[in-house]
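**Q** One letter stands for each residue in the lines below.
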Amino acid sequence: MSFLDKDTLKVVGTRPIRPDGVDKVTGRANFGADMVMPGMLWGKIKRSPHAHARILSINTDKAMALPGVKAVTTRADFPHLPPDKRVIGAAPANLWDLSRNCMAIGKALYEGHAVAAVAAVSPAIADQALDLIEVEYEVLPHVMDVEAAMAPDAPVLHDDIFTAGVDPKPTKPSNVSKVVRFTKGDVEAGFREAEIVIERRYTTKPVHQGYIEPHACVVSVAPDGQTTIWSSSQGQFMVRGYTARIVGADIANIRVIPAEIGGGFGGKTIVYLEPVAYMLSKKSGRAVKIVMSREEVFRATGPTSGAVIDVKLGAKRDGRIVAAQAWLKYQSGAFQGSPVQQGCICGFAPYDLPNTETVGYDVLCNRPKVAAYRAPGAPISAFAVESCLDELARELKIDPLELRQKNGAKDGTKAAHGPTWTNIGYARTLEEAKAHAQFKIPLGPNQGRGIASGFWHNAGGESSAAVHVNEDGTVTVTEGHPDIGGSRASMAMMVAEVLGVPFESVRPVVGDTTAIGFSASTGGSRVTFAGGMAVTQATQKVVEELKKRAAITWDISPEAVEWKEGQAFPAGANAGSFEPLPLAELAAKSARTGGPISAEVQINAQGQGPGFTTHICDVEVDRETGHVKILRYTAIQDVGRAIHPSYVEGQMQGGVAQGVGWALSEEYIYDKDGKLENPGFLDYRCPVASDMPMIETIMVEVPNPRHPFGARGVGEVPIVPPMAAVANAIADAIGVRLRDLPMSPPRVLAALDHGEPMRQAAE
Amino acid sequence: MAKTHVSTVINGEPVEFLCEPQQTLLDVLRDELNLTGSKEGCSSGDCGACTVICDGKIVCSCLMLGAEAEGRSVTTVEGVAQGDHLHPVQQKFLEHAALQCGFCTPGFIVAAKALLDENLNPTEEETRYWLAGNLCRCTGYDKIIRAVLDAAAVMRAEAGR
Amino acid sequence: MPNLSFTAPTTVDEAVRMLAGSAGLAKPLSGGTDLLVQLRSGRMRPEAIVDLKRIPGLIGIREESGEFVIGAATPGVMLSEHEALSHAWPGIVEGADLIGSQQIQGRASLAGNLCNASPAADSVPALIAAHATCVIAGPNGRRTAMVEAIVTGPGRTSLEKGEFVVEFHVPKPKPHQSDAYLRFIPRTEMDIAVVGCAVNVTLDGNGVCADARVVLGAVAPTQIVCGEAAKALIGHRLDEPTMAALDAAAGRACNPITDKRGTIEYRIKVAGVLARRAAKIAFERAGAR
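Protein chains in written order, with our numbering: chain A, 1 to 763; chain B, 764 to 924; chain C, 925 to 1213.
Take these hints with a grain of salt, some might be off.
[Claimed, not checked] Chain C stretches covered by chain A per the calculated footprint, using a threshold of three residues with CB under 8 Å from any CB of chain A: (1) 1106-1115; (2) 1193-1205.
[Stated by the list, open to error] Far from chain B, by Cβ distances over 10 Å, these chain C residues were calculated: (3) SER929; (4) ALA932; (5) GLY956; (6) THR957; (7) LYS977; (8) PRO980; (9) ARG986; (10) GLU987; (11) THR1081; (12) ARG1176; (13) THR1182.
These are computed hints drawn from the structure, not numbers from a lab.
C-beta: ideal position from N, C-alpha, C; glycine also.
Construct the entire structure; sequences and hints are all you get.
**A** Dropping the structure here:
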């Protein structure tokens, strides 16, 4: 069965109400902190007040003695992980790093780093107990920013990390944990050919994913080790595997029930609390609930990297780019693993460039360990590259859209990092942008317009799905992906489409780790793609089984049965003149024809299609205060096939809003002691409703032929262009270029007052 | 610590509870009364996920002590629908896909209901400023604002009847 | 907080007794939008919280012989819903209205905003500009003070132990008198003011300024009454040279710090910009009366 032809689709592409919707608008849906278990204790975590300090001693006696305290845990309870236990399955995390992030060993590496935890009968007593835990620190010099951390005399965070990717292998430990390099062609030769060369430096600050739901879990460990974890995360299997490794338990003994999740954006693809709650539960013999405060979320959970990016572009006067180079230095925080590699790959990916070189540095510093944030690494490099392209366009006096069209990747283009593109929609997004009505709207004084493009690979990976036909003919589809944006509705839509039944008769369930096969996390824009592939395959198996049951009923060969519109038909006159058998009837008789009708499928999905997008942004700048107002915004994206168009639009709009916040108002502010000054939503400034206009979305559909419905991932690429789109619009409005994020009012005003910012390398 | 006995009306029903002095109304709703629809996003009044209506005005329940609820009338998200009959704001949120993760949704539903209780014809700007105290990280606000304006239109039509 | 007590007295005297008689720190509670944040974060650890909202008169607005009397615990929404007050003093009302979100408005009070003593408090500059006073109850009885005498530094007030603000008295405007309050914040809502400016002007029959008060917030440890800025307005219409003089005077009056919300240079600049813009609105409003 092929479902690539949009005109034949009855369910996919429509906009039904999501099945979990009523629960969510009435407050019935249960998120991480909404669970209670009998006898439950409240856990709280003691955190380092220092950005970098040796932990000399921890004394928990007084805390343990406080009436109402039932358990205390420190690093001593957690097993050491030998090298062969530091990964699990195909999951990306280094679990030794993660374990040490959940509970510090020897050193506190950032303000907020967990050093101990307690469980008590009430939150108030747990708080008091924290105050009674005595920790002796030896404060060490700290380092916060990327270039300072790279300096030879910088305080070193880990004395067992030597820069990887450098030859010969260094003997002195470094905060640069790795260097990566991607090359294509001959960049030096390319620059010699160029008729114009520009080189610019851009900087970004760390920003937090900003999910409104703080991390929360309830963990109950029975005396024999059987464990139930209730938590909101982007992957119940990830929680299970990571927790099992970190605490030293067998996976089979842990059941993780996924709560509804209040936002993740990548920040909940790892664990912070579950292993700690596990230890407290194990030691106290009772269930333990831990909920982070907003302050803890900011002090101790992953933002994305702040970065310094240098870009050098060489072009001919006609606009063809002949050489492109970029040096990316990304913060990883207290443990290694910034998304600098993705940044290297994604910045130039929308373009067909003959000679490129990108070099990335992964840099440790005394900040919370960086976590994935929506297209990790790509928005940062796109800010630099897309701004630089705009600067190049202005120098050449070529329209920025035309410059991109001239150099844009098309089917057959070989990307710098290896793959050759097929079935991509980048050119279409540029065409649609060029033709868009927003360009016809005249701009007033102090107003400007900017465009920018973006790319994200999207992911495939492991997913399982089960489809069950119930005795009354309704259908249950169980999948293993927490639903962060409406994906379970899309799963049900695909099942309904394949079966030919109404959407309302298919009920999707996000199963716990015992209810469905292994599924990799919700992230990488993979759920509609990989999860959708799994549910489609499972449903196709069910259809084959239904045809078999009809064949048995009619006593003909299964090859002589067709399935259409929810019914079995004899395939042509020769098969026999039987009345069609609808799903409900086959379901009712299933015991007689062989038993329950179900299928479960496990796949490692390949063939994910990359996402490309182009954005148009109009701004107005108050020249006296530097305040920037977003007037209009249009996002044009190749979405493959919009399974549920409202949720695709929602992903686009949400990514744009996050990008606007990243561009204008969000940043971490640390004092000179490395302590965070703005750990709350008051001074960590996410866009509010009055900051944003309506966000227009144009969905271009170039189907990905490797997915049954043509889907490609859509959730991440929308956050890639906005920072550059806004920066380009501001430059258009005031004639001055800002290259440092966020472009907050004081920075805009300073740029207006002082003209071009001082840092730039002339050609 | 001695507990305070509080008598109040919640979602139209008389309710009594005991609470410690430092417990907020949000703590009481969630941890004592099992009304977990109101959410804790920040405990500092900056995100609106805990929004309830108290004596006719929207407030952040994280910034009100449980003891202050004595003699007052509180409406939470659980009290917005009438049985299985959704309020137009709830219905329009569903139709417009004005929620993705759904965590901020209860706060928005309560705040939007309060807006429409006062003003059945808000402009887009008025709606955005009224809801500026409700943070959403998933939607970019577009579909939320459309849902509220559409709910207002439905309610104006019903009132006109 | 092992010894925290919560009480809700029903008379002023009872409240004074509880506040004065507490061995440890005792805090009056009106809207709670600052107090509860501080309680929750551990920044404030009081022994007693005394809820003032059950005392008759602490919530409500009345007009008495040439002035408005505003109960100390009156929430912001009540101020903006009060037609006469909004008409008489739009600047005072818009200052209070700018505090936080609609939810905050359901609770936040003038007394809380004042006595929390943040230099950036939005409702204070316009009150000062209108020569408002407050009535304070305490162990030694009642006293009246100018609003500008209350805040003595960030987080500090001139109130003694056991004292609390009972009500505000705001004189009604004279003919051709009005006010305006503007603040600068990075977003469009929800932020603490980076700079706040209230301008209160009285014009003569010909549009010339006869009296003025310019008060800046968030640019010094307390709100500043800018005498020089007022002098730049008095005797003039609001023309370009007057605006330039006003801008410069406002900038000179600032004594700001660089913090997570703004830099010294930025605040000085924006103080001048807001003074001009607020003056324009105040002059327009005063002229229309």
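**Q** Which hints, by number, does the structure contradict?
**A** 3, 4, 5, 6, 7
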